[in-house]
Amino acid sequence: DAKTTQPPSMDCAEGRAANLPCNHSTISGNEYVYWYRQIHSQGPQYIIHGLKNNETNEMASLIITEDRKSSTLILPHATLRDTAVYYCIAPVYKYIFGTGTRLKVLA
Amino acid sequence: GAVVSQHPSRVICKSGTSVKIECRSLDFQATTMFWYRQFPKQSLMLMATSNEGSKATYEQGVEKDKFLINHASLTLSTLTVTSAHPEDSSFYICSATWGAQETQYFGPGTRLLVL
Chain A
862 DAKTTQPPSM DCAEGRAANL PCNHSTISGN EYVYWYRQIH SQGPQYIIHG
912 LKNNETNEMA SLIITEDRKS STLILPHATL RDTAVYYCIA PVYKYIFGTG
962 TRLKVLA
Chain B
103 GAVVSQHPSR VICKSGTSVK IECRSLDFQA TTMFWYRQFP KQSLMLMATS
153 NEGSKATYEQ GVEKDKFLIN HASLTLSTLT VTSAHPEDSS FYICSATWGA
203 QETQYFGPGT RLLVL
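Protein chains in written order, with our numbering: chain A, 862 to 968; chain B, 103 to 217.
These aren't lab readings, by the way, just hints derived from the structure by calculation. Beta carbons: idealized from backbone N, C-alpha and C, even for Gly. Take every hint as true, because none was put in to throw you off.
Among the chain A residues that face chain B by a calculated CB cut under 10 Å, a handful are: (1) TYR897; (2) GLN899; (3) GLN906; (4) HIS910; (5) PRO952; (6) VAL953; (7) LYS955; (8) PHE958.
Simulated pairs of lysine to any residue, SDA-like, Cα-Cα distance not exceeding 20 Å: (9) LYS143/B x PRO868/A; (10) LYS955/A x GLU161/B; (11) LYS864/A x GLN144/B; (12) LYS955/A x SER145/B.
Required output: the full structure, derived from the provided sequences and hints.
As structure tokens, then:
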């Protein structure tokens, strides 16, 4: 699996966009980038994934750089319920979870 | 869609007893299921991968005789923690997927406390 690195924590004001970065400089050409989040004491929740192109769904947008060495998850209008640990993963057959980014949305 | 359930949600047992945790895919057929363990303030660690009808593949350092995994049907996998000890107390989470896709759908987790 490509090793991913994320900042340990971030704060975001409620209603503002939360931009969560992830570095995956060793990713290979056919490895997707997945984002999950884990709210306290729950199982991880799938958010979005992508390969090369930017992706958007009802939860978030995913921006992948052209060289695919990094990506950014964007929550366009963060709410208090978005407070969670966000994981960026580039799997090959299995998931290796890093430490993720603990996002705290502030009222 | 793609809902995964776990039972029980939490369990307390005495040291030396065995505990079985069930993982079910409710609206799809899971060709592959995964079991993870998460200690407090740590990330998820993959324990094993199981394909329906096959023996599970365990990650390095995970004792297969202690953590018995059965994936007998396309909707059910079980993890049995045999002769549980206090150090086995943890949050156990399963996930499931189908076909060749890599997206995993996670269950809500089972919190095990061994006294």
